[in-house]
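Here the protein sequences come in this chain order: A, B, C, D, E and F.
For the first sequence, full-length UniProt numbering gives the first residue as 1, with consecutive numbering after it.
For the second sequence, full-length UniProt numbering gives the first residue as 1, with consecutive numbering after it.
For the third sequence, full-length UniProt numbering gives the first residue as 1, with consecutive numbering after it.
For the fourth sequence, full-length UniProt numbering gives the first residue as 1, with consecutive numbering after it.
For the fifth sequence, full-length UniProt numbering gives the first residue as 1, with consecutive numbering after it.
For the sixth sequence, full-length UniProt numbering gives the first residue as 1, with consecutive numbering after it.
You can take every hint at face value.
Treat identical chains as interchangeable: a pair holds within one or across any two.
No farther apart than 27 Å at their CA atoms in a straight line, the calculated lysine-lysine pairs in the BS3-like style are these: (1) Lys-87 x Lys-56; (2) Lys-56 x Lys-111; (3) Lys-85 x Lys-56; (4) Lys-87 x Lys-51; (5) Lys-111 x Lys-51.
Just so you know, these hints were derived from the structure itself, not from any lab.
Protein chains: 6
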Amino acid sequence: MTDTYQRSSGRAAHQLRPVRITRHYTMHAEGSVLIEFGATKVLCTASVEDKVPPHKRGSGQGWVTAEYGMLPRATNTRGSREAAKGKQSGRTQEIQRLIGRSLRAVFDLEKLGERTITLDCDVLQADGGTRTAAITGAWVAAHDAVGTLLQSGTLAATPITGAVAAISVGIVQGTPLLDLEYVEDSACDTDMNIVMTGAGQFVEIQGTAEGVSFSRTELDELLRLGELGIAQLLALQQQSLS
Amino acid sequence: MTDTYQRSSGRAAHQLRPVRITRHYTMHAEGSVLIEFGATKVLCTASVEDKVPPHKRGSGQGWVTAEYGMLPRATNTRGSREAAKGKQSGRTQEIQRLIGRSLRAVFDLEKLGERTITLDCDVLQADGGTRTAAITGAWVAAHDAVGTLLQSGTLAATPITGAVAAISVGIVQGTPLLDLEYVEDSACDTDMNIVMTGAGQFVEIQGTAEGVSFSRTELDELLRLGELGIAQLLALQQQSLS
Amino acid sequence: MTDTYQRSSGRAAHQLRPVRITRHYTMHAEGSVLIEFGATKVLCTASVEDKVPPHKRGSGQGWVTAEYGMLPRATNTRGSREAAKGKQSGRTQEIQRLIGRSLRAVFDLEKLGERTITLDCDVLQADGGTRTAAITGAWVAAHDAVGTLLQSGTLAATPITGAVAAISVGIVQGTPLLDLEYVEDSACDTDMNIVMTGAGQFVEIQGTAEGVSFSRTELDELLRLGELGIAQLLALQQQSLS
Amino acid sequence: MTDTYQRSSGRAAHQLRPVRITRHYTMHAEGSVLIEFGATKVLCTASVEDKVPPHKRGSGQGWVTAEYGMLPRATNTRGSREAAKGKQSGRTQEIQRLIGRSLRAVFDLEKLGERTITLDCDVLQADGGTRTAAITGAWVAAHDAVGTLLQSGTLAATPITGAVAAISVGIVQGTPLLDLEYVEDSACDTDMNIVMTGAGQFVEIQGTAEGVSFSRTELDELLRLGELGIAQLLALQQQSLS
Amino acid sequence: MTDTYQRSSGRAAHQLRPVRITRHYTMHAEGSVLIEFGATKVLCTASVEDKVPPHKRGSGQGWVTAEYGMLPRATNTRGSREAAKGKQSGRTQEIQRLIGRSLRAVFDLEKLGERTITLDCDVLQADGGTRTAAITGAWVAAHDAVGTLLQSGTLAATPITGAVAAISVGIVQGTPLLDLEYVEDSACDTDMNIVMTGAGQFVEIQGTAEGVSFSRTELDELLRLGELGIAQLLALQQQSLS
Amino acid sequence: MTDTYQRSSGRAAHQLRPVRITRHYTMHAEGSVLIEFGATKVLCTASVEDKVPPHKRGSGQGWVTAEYGMLPRATNTRGSREAAKGKQSGRTQEIQRLIGRSLRAVFDLEKLGERTITLDCDVLQADGGTRTAAITGAWVAAHDAVGTLLQSGTLAATPITGAVAAISVGIVQGTPLLDLEYVEDSACDTDMNIVMTGAGQFVEIQGTAEGVSFSRTELDELLRLGELGIAQLLALQQQSLS
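Looking at chain A on its own, in the form it has when it is part of the complex (with noise of 0.2 Å):
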């Protein structure tokens, strides 16, 4: 395989885009973080609350889970708002399941006790890569959200297991990618997300290939600019926090 794709934006194959994660970007939630890879700006706000689903009720166990939305014009042509639409698309539910799932991993639900810890993604802007983002900020402000209830006394020990950080890889014109922005990723023959904890296991890992699918050997060299890509934002990730 050469690696004769060059990207518009001169970055090599296995680079990132610049990471900003910004914490307190807005006063109200108990943890909120704009987090942005390059051109792609989701704002992770987690809030806390004193209940919990159904299937939770009793246990002596908390919840976490995760919803996602994008405003109509972060994207390039309007979108239409799933409010106004009266439902959220099966794209939506299956990435806000995603996120939800990913911070799970990395939760002690039983220390967390009978309350919820909602993660809202809300895209302001979009090039590619928004779930990824999602759940790499969904991180810090879990992490914040839990600092709030330490700091209160409500919680005597965090929850938080791990560090949880995602990214996307994929195959573009023949050549693996890391961090695919938006003209890379409607391009793609292969389009993967993955997940991993701090400790270096993989938590999820969803490979698609609508176009031309892949073999064994691309999917290694995938999951190998994955680990890559993973392991600079558990830096970050941790950096911010610092």
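On the provided structure of chain A, position chains B, C, D, E and F as indicated by the hints.
Frame of chain A, contents of chains B, C, D, E and F only:
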């Protein structure tokens, strides 16, 4: 009526909160404005589309409309996401109809031609006055969107016939106040939203007394405060455009 | 401003249409009033139920709320049935919220106790002014419903603190008019609904200029007309109760 | 079977309630009829529109359809408003499908041409038999609507091939009764709605035994009662038209 | 009336299609029956749950209800999936209400105790008569579900008071026919569904003439055919249970 | 990693359940396949329609899409019917999007021409692996549907570019297993669905760790098991077609 109510912010009764208008806040929309009335932050984008709703098809006229949303944690306690509930509240619909009417009051739809400008007003952070901030910011976004149509030669002359801005006024513990923030808004007896043009004419007056009804004298004082506030907002709009 | 516009009905600019209030119009409701403003006919029923919405449970307070509907062929061309479409329009929601707020302005919810009065305002025939007729008639229906609670001894004292009535005013071809019928309403530049108490205080003012905006002088004239009309409606309400 | 059940109204088992048919009840619709079966009052309007549903487009045939609704407080205890709930109940849908089929049975859709007659049957006050009153009144409203089409010369010949009327019958405590009112309807073992043409043919028979099932002998008696009642309704329809 | 219509299947006018009842068709449900009326195949499952709908709570009585569905390609041309459209059609609701009422006619809800039996009737392949097959099969499934309650000792005595079965009859080109298949159903002038108990009593009669209305003589013949068919179905049910 | 987990079925860790593929299961669809993975039974029908969704109109290309459903009592406890709830769950939408993408990966939409093949995958009985059974069976149904297009001469050459099949793998108590049944699926730490082509390329990989995250070594073992299972399924598909 003695002016006894002391605002927690130390503001005078007739004083606006600091207002900030940031143009080009996001990159995709033809117009994109972040407007801040104190801690209230509303992102107003203007999107131009070459189509009109059914009632305007073939009329030679365009359309100007608005949609309004609030991020779930824009407020002190998390509100449910309207897209997830599957419908917009009566409040949301009232507000977006108000924004649409206000903007249309300063648009010559004939001159706009058969295209639609949609103003998406999304509240990132709420502290009272979100609908008035939305109208004031949406006008700037609409102005920028029209600018792109003029620059590209799509339009030869502007369809905008003047400026429009809005402010809230209200009576709290007997004291008429300008530009209510959330604590004042929830304590007030009468709440009024005023929309005026750059020419000093009224576009909308919506005054509501759920608690104590108000006299003609109080109404006159509220209108006077409103006119004062709107004059300042109109100046700030012009300043942001220069 | 010269009063040049001639009303097709021959009415003077400051003249109400013939108003008829028929109590006990249907047999099941605690209050049931057919109110007619000329050809506009609205059936207002008041239903008493021994339950309150969640935000009032355990508060010792009651609730007063309204629902509004229009029969599909109440209008000149058939409108679609909201029950069949599966949702209420923004207009319907705005109107029922307005009726509810207007009635609550003259109710002591504490004295009502933990029960709900629902005012169903259904338009049988429409010719402009349906929301103002609805408010004016709903008050009589609410009064009758409270009467049954007093008579049965459920309540010892009335929770009604005064009367409330509403009228529309507007500017058609430069002429301020009282109580617009449909042809006037669709031709008007400014349309205003005014709700006032029996004590001459304002409860709601909703003025809208989708066409030509209005000056302070015009606003004052509209308010004067509205006060005139409401004084007559308040008298007619009292007369219907005696 | 001994005829022991005494009707609270003093009516004989085979006696209809007083029936009143008021034409031109509202002013906008092409046909508008208030029909009363005792205390049951249904407003039936017929609206003519120059369009047909998709399955009739280009067929040269018209369509006749019905919608049914009940005002929330038409009944003894307030029912929830279907428009507010966002869907029509199964009962409502059953009834409006029944009314539509019944009317189509006496319409030559070819002769109607590509237009739709919509029969809106709205119950203002309910005391049993609303669907049979609706069918009987809707036919008169449809007749009036066709009259306007004939008068204007839009149609040269009537598409109505005959009359149609409907009545309920039932067995209460072993006694077959004609035209059940609400207290009888809720106590009955078997409830049957019969729709017949002016020529004495059956259009619909819907008999239901949720309590005690019925024998062939009882069925025959119910059919006999129904034929009796419908003969009278057909006469009253003709009388109202003359 | 001359019996001239020749059925494409070669069946006599009074002849049922081959009927097959397969019990224990799927493994999870308390009762699971595949019933076939010729090419019509309906899977009827009976599920027992220890809860009742609100109107039965605390009454000591149970509830029996039904839901009906058709796989999108059960029919000759693909129908849209109701779950995807977001609502059940009026036809679906009518049928599931009919199945529920029919089963309740042979249940002693007191003896069932506060539990619910839900009959899910899903059409795998349709060729006319799906609702009558569903009722006939649902009764066998309900019987099996009650069997598990008796065997486990949850119930001491059966709440089933008798059998119930259903068949369609209709008039095609003047010929009364038993058990219509699809081509006959779509060509028929009158279509009637009859539900009867094992004791030979009627539970439901639903006869509809959208085309040509029917005489009393024709009605009598249809009832005679239906009684014949149901007698055979009742025998087949008993045989399947032994 | 020691292979200590004993499957209740006695199967080896790398062993598939018995797979049965029954073609022409129902009579109306162009392709109709019942596929069984042990006790899991999914009916897959392929319907051909001469229309395409909006985004393909006029493109000369066809479309392949899927819908997924589960009968309410396909599972151990009754699930609510999505048509009755009025919406499809996030899980349902995820699965039907996955099936659609998987099938499109082996279709040349250009060669299909402007027509749509809809794959309806309805679960009659569920015991784990319904989505992988659905993909594997849907391919056979699609193959049969294409066969009818070839036979009728509508298509000259097949638009199918290869086979596609899917299997689940997972880690239960540290042991990697192939083809999880329900008890294993609900106990597993990691669950992965793998979709591959006949050429041994990957189409989809969806691995999820809601419990314990997984290492790269475990991932490699899961992929190896999946490749093994899919090879067998591809052979069974071919065998069923011969």
